[in-house]
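Engineer: Residue numbers (numbering that gives the first Met the number 0), protein chains in the order written: chain P, 0 to 146; chain S, 0 to 408.
Do not take every clue at face value.
[Unchecked claim] Selected chain S positions facing chain P (in silico; Cβ < 7 angstroms):
{"no.": "1", "residue": "Q266"}
{"no.": "2", "residue": "G338"}
{"no.": "3", "residue": "H343"}
{"no.": "4", "residue": "D344"}
{"no.": "5", "residue": "Q351"}
{"no.": "6", "residue": "N371"}
{"no.": "7", "residue": "V372"}
{"no.": "8", "residue": "A374"}
{"no.": "9", "residue": "A401"}
{"no.": "10", "residue": "L402"}
Honestly, the hints are just simulated from the structure, not real lab data.
Fair warning: this is a prediction, and the values are worked out from it, not measured in the lab.
No residue lacks a Cβ here, since even glycine has one placed at the ideal position from N, Cα and C.
Below, each chain spelled out in residue letters.
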Amino acid sequence: MDTSRPEPPLSELYQELILDHYRRPRNKGVLEHPTHSVALNNPLCGDEIDLQLQVEGGVITDLRFLGRGCSISQAAASMMTQVVKQRPLSDALALADRMSAMMHGDEGAAKDKALGDLRALAGVSKFPVRVKCALLPWNALKDAVKS
Amino acid sequence: MLDAARIRADFPLLQQQEHGHRIVYLDNAATTQKPQAVLDAIADYYHTTNANVHRGAYDLAIRATEAYEAARGRVARFVNAWAPEGVVFTRGTTEAINLVAGSYGRANVGPGDTVVVTAMDHHSNLVPWQILCQEKGASLRMVEITEDGRVDLSDYGRALERRPKVVAFPYVSNALGTVNPAAQLTRLAHAAGAAVLVDGAQSTPHLRVDVRDLDCDFYALSGHKMLGPMGSGALVAKPGLLDAMPPYHGGGEMISRVWDDHSTYNQLPHKFEAGTPNVEGAVGLAAAIDYLEGVGLDRIAEHEVTLARAAIEQLSQIEGVTVYGPRDHRAGVVSFTYGDIHPHDLATILDQDGVCIRAGHHCAQPLMRRLNVAATARASFYLYNDRDDVAALGASLVKAGALFGYVPA
Chain P
0 MDTSRPEPPL SELYQELILD HYRRPRNKGV LEHPTHSVAL NNPLCGDEID LQLQVEGGVI
60 TDLRFLGRGC SISQAAASMM TQVVKQRPLS DALALADRMS AMMHGDEGAA KDKALGDLRA
120 LAGVSKFPVR VKCALLPWNA LKDAVKS
Chain S
0 MLDAARIRAD FPLLQQQEHG HRIVYLDNAA TTQKPQAVLD AIADYYHTTN ANVHRGAYDL
60 AIRATEAYEA ARGRVARFVN AWAPEGVVFT RGTTEAINLV AGSYGRANVG PGDTVVVTAM
120 DHHSNLVPWQ ILCQEKGASL RMVEITEDGR VDLSDYGRAL ERRPKVVAFP YVSNALGTVN
180 PAAQLTRLAH AAGAAVLVDG AQSTPHLRVD VRDLDCDFYA LSGHKMLGPM GSGALVAKPG
240 LLDAMPPYHG GGEMISRVWD DHSTYNQLPH KFEAGTPNVE GAVGLAAAID YLEGVGLDRI
300 AEHEVTLARA AIEQLSQIEG VTVYGPRDHR AGVVSFTYGD IHPHDLATIL DQDGVCIRAG
360 HHCAQPLMRR LNVAATARAS FYLYNDRDDV AALGASLVKA GALFGYVPA
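Bound conformation, chain S alone (with noise of 0.2 angstroms):
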């Protein structure tokens, strides 16, 4: 384990209080807190380096731009992506997804096509496809997931026989914590001769990662759900891909040459880099990364395992209560339900005594049909949450069954 409250040290909001009582803070899958370490280099750069980055001939100009160039670097060797220019600074997974499925999509998918999603992916990979396959008359093919929450591999099998232009899948679900065998995913579909995007959004801040490794096409990840700001991100992607792939933004930046009529495009990265960049974001991200690297993601992974089996049998013993997901194979995330008291009461319970988790379907509602919740909640840990923590979910989940009359108050 690792030293939780040492770390919780590092982080300033961390140190503040919630309806008096200490923060127990578990809604680490949808954003996460940030250490000093990362608002002191964002104040760093506006202090000491701030100008338009690729463009100005001066010092400070050429210091923002090496700022954010070593930024790209540094995520580059994180994920060990295939190329520092095969990470496209997005706003976060969001955008990069919808970058793929409108840049790559439209040029590689047309009508009769099939493009293949899991039924446990967050709306951000599923509503860019929607768009995709309605605009170009494809088919979308939603993979079932068994009942554990797993991606269902005989119903893949399945859905590779269309040979799809695209698969997409995430390595991590947001909503039942569940780690999918991506590598194993990744070769099935190339066999099947499609392209692949796995969702970063949820392994990159938990686990390490390598992308040549899991040997996929493009990986999206968010900085914000990994101690860096909101709005940063990438695309990390083949550079051969990139290369061939129509932009997706025009602007400033983006473009070689500009006439009447016609321009001539950057190079990778900037050709998908249109407009002024997030150089805040893409600076914090990097001091994020640096933070998780000093702590070793591998003791993160296994920090955050340990936490979720003791909440899962912390709220086993719960008379009523029911966890979602796989007993292994899982992320530091625990969904569950508690009779007929809705997530959204537990959520309002739970706050004051300082607990946030999430209640809702977690942008997952073909999920949620699949296990046939409207909603349920949810506590995700992260590097600065502790057993004390596990053990506060507990005491406050007993608060709220005393309150809708489930255990003597």
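One chain only, chain P, in its complex shape (with noise of 0.2 angstroms):
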């Protein structure tokens, strides 16, 4: 009898692109002087992370990332900071809105271009245990912001 959900696609999960934004995270470091931070981590696996931001007028002008943990939730932390910088904070939200929907398996959401580099984590969406590692560095965000 096998009762585990079907087997997804290890090769989805992993691609280089992920593993590229793992080995040589962009934007990795400390703000000397941010408007808003937040430490975040998932206490059930111990993925780490310190993000800083710099806010003027509404608008991401820089940020950066202190982490630890597992390749998603720390490739998702180097994306994430690609796609929100030199962004308004409203976009910023609503991309992690859309973080999460593809997280949550829509598709529509998977073929977005706004998403950047986001879009090479659709296939977490059929590791649900994993989904919590890639929405990590989202929630820092939506965090700090309301900080």
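Please assemble the complex out of the two chains, which come individually in their own frames, going by the hints.
Structural biologist: The following block contains the structure:
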């Protein structure tokens, strides 16, 4: 008897682009004087992210992150910093919703060019326990904006 | 080696497949699968014996009470307890340790006193003592470990110079597999005047335990890690100590006489078992002990050590893999990392081959900091695992290595 879910392809989860962001993260580091910052971790598996934003006139002019964790959480953070840089906060929050929709299997969101490299993470939606890894940096972004 | 294939036939869950593969269950330090005999004992209890214990005058209630108390006797014999009334049923190791910290600790630890734990303790043998020390203004002293993952005996000696009130340590480390010299650690702590609690969560399922031989004061164990049901477990203690301790939880069963403003308390062990107990858990745990003793604890221990050695040998052949913990004096737990592949990624990749391992900090964050890793992957073996499982682990790791570019696909 096999009660497990059908096997999703691992190659879809671990694409080269994801491993590239994991090993050569973009915007990794610290901002000298961030206007917003937040540290978030996933107590279940220990993924950590420390996100700092420079917001001027409602626009994210710069951002950096520090983090430790699995390839999915760290690649998602790197990709996120690329797509929200130089964007108004409202756009960034709308992208957070698109990302969440993609993680819950929304195929339209998975084709949305505004998500940039993040579209490589569409396969994560087939691995439910890993969805929280991909959303960790986005939850940090939402928390930072609220603070 | 045990005939693991024959043993597996007794475990219904291990007959099923995961993602089209034979299930290779290597997360036994987290919890174990249950043999049919345990499932039958629980079902049989509800089919034939269920009633509330220690209060009914009718035959059914008497039979339920007898089943519950027989289970207590079974646990007592299994670990050579001082007396059956020195076995308090709990939800598991965590509750047993909280009971000792909350009762013995509160009564005996005061401002300026010291409680000693080790850097390889599970959170369940650390956080209750942190809470106690914060409440009492006492200090918590964490004993360091050596580079190969043993208790640092010279640091242990320095900690004992503080004349601690309580010393707590694990018999077997859940994260590293280290088997600690529990009798020696106990002797040293007693010489310094401390009461000793041994966390037996990882030792009781895997090696022959004799608490009188250890001569500790308190010994905590979990049923679900030794083929028994979740929510079963026990605190095994010297009855004299238990007798002098204030109650932990208040409620029915633990009282003798109750007035408007105060009560007197029941005898041991009932004084520490407030409320309707988990009778099915106790009955299932007794059946698990029967099963384990039927196979033989010495044979189980030898089987696991053989598998752990084989796994370490296999993992060591994969370039980029680091194995943690001592080379000798270890149980069937193998903690490792593989290059920059995060343990969670490893666990996801291995899962696709039906290989279940644990990834994370193993509820031992202070230990992970000392190993300078955020997390490790952990394979832990039991009596139903065999060399094929070790081979499946190795093959699946090579696949992970290929996905991350460590080995040719």
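Engineer: Minimum Cβ distance from S/H343 to chain P below 7 angstroms?
Structural biologist: Status holds, d = 4 angstroms.
Engineer: Tell me if the interface restraint on S/V372 is satisfied: Cβ within less than 7 angstroms of some Cβ in chain P.
Structural biologist: This hint is violated: S/V372 lies away from chain P, its Cβ roughly 10 angstroms from the closest one there, beyond 7 angstroms.
Engineer: With 7 angstroms as the cut and Cβ atoms as the points, is S/D344 at the interface with chain P?
Structural biologist: Since chain P brings a Cβ to about 5 angstroms from S/D344, closer than 7 angstroms, the hint holds.
Engineer: Tell me if the interface restraint on S/Q266 is satisfied: Cβ within less than 7 angstroms of some Cβ in chain P.
Structural biologist: violated (41 angstroms)
Engineer: Tell me if S/A401 is really an interface residue toward chain P, meaning its C-beta lies closer than 7 angstroms to one of theirs.
Structural biologist: Hint violated; S/A401 Cβ to chain P Cβ min 10 angstroms, cut 7 angstroms.
Engineer: Classify the hint on S/G338 as holds or violated, based on whether any CB of chain P lies nearer than 7 angstroms to its CB.
Structural biologist: violated (11 angstroms)
Engineer: Can S/L402 be said to touch chain P, with a Cβ gap under 7 angstroms?
Structural biologist: Result: holds, 5 angstroms to nearest chain P Cβ.
Engineer: Restraint: S/N371 near chain P, CB-CB cut 7 angstroms. Satisfied or not?
Structural biologist: violated (12 angstroms)
Engineer: Is the interface hint for S/A374 satisfied, with its Cβ closer than 7 angstroms to some Cβ of chain P?
Structural biologist: holds (5 angstroms)
Engineer: Would the hint on S/Q351 be counted as holding, given a Cβ-Cβ threshold of 7 angstroms to chain P?
Structural biologist: holds (6 angstroms)
Violated hints, listed in ascending order, are 1, 2, 6, 7 and 9; each of the other numbered hints is respected by the structure.
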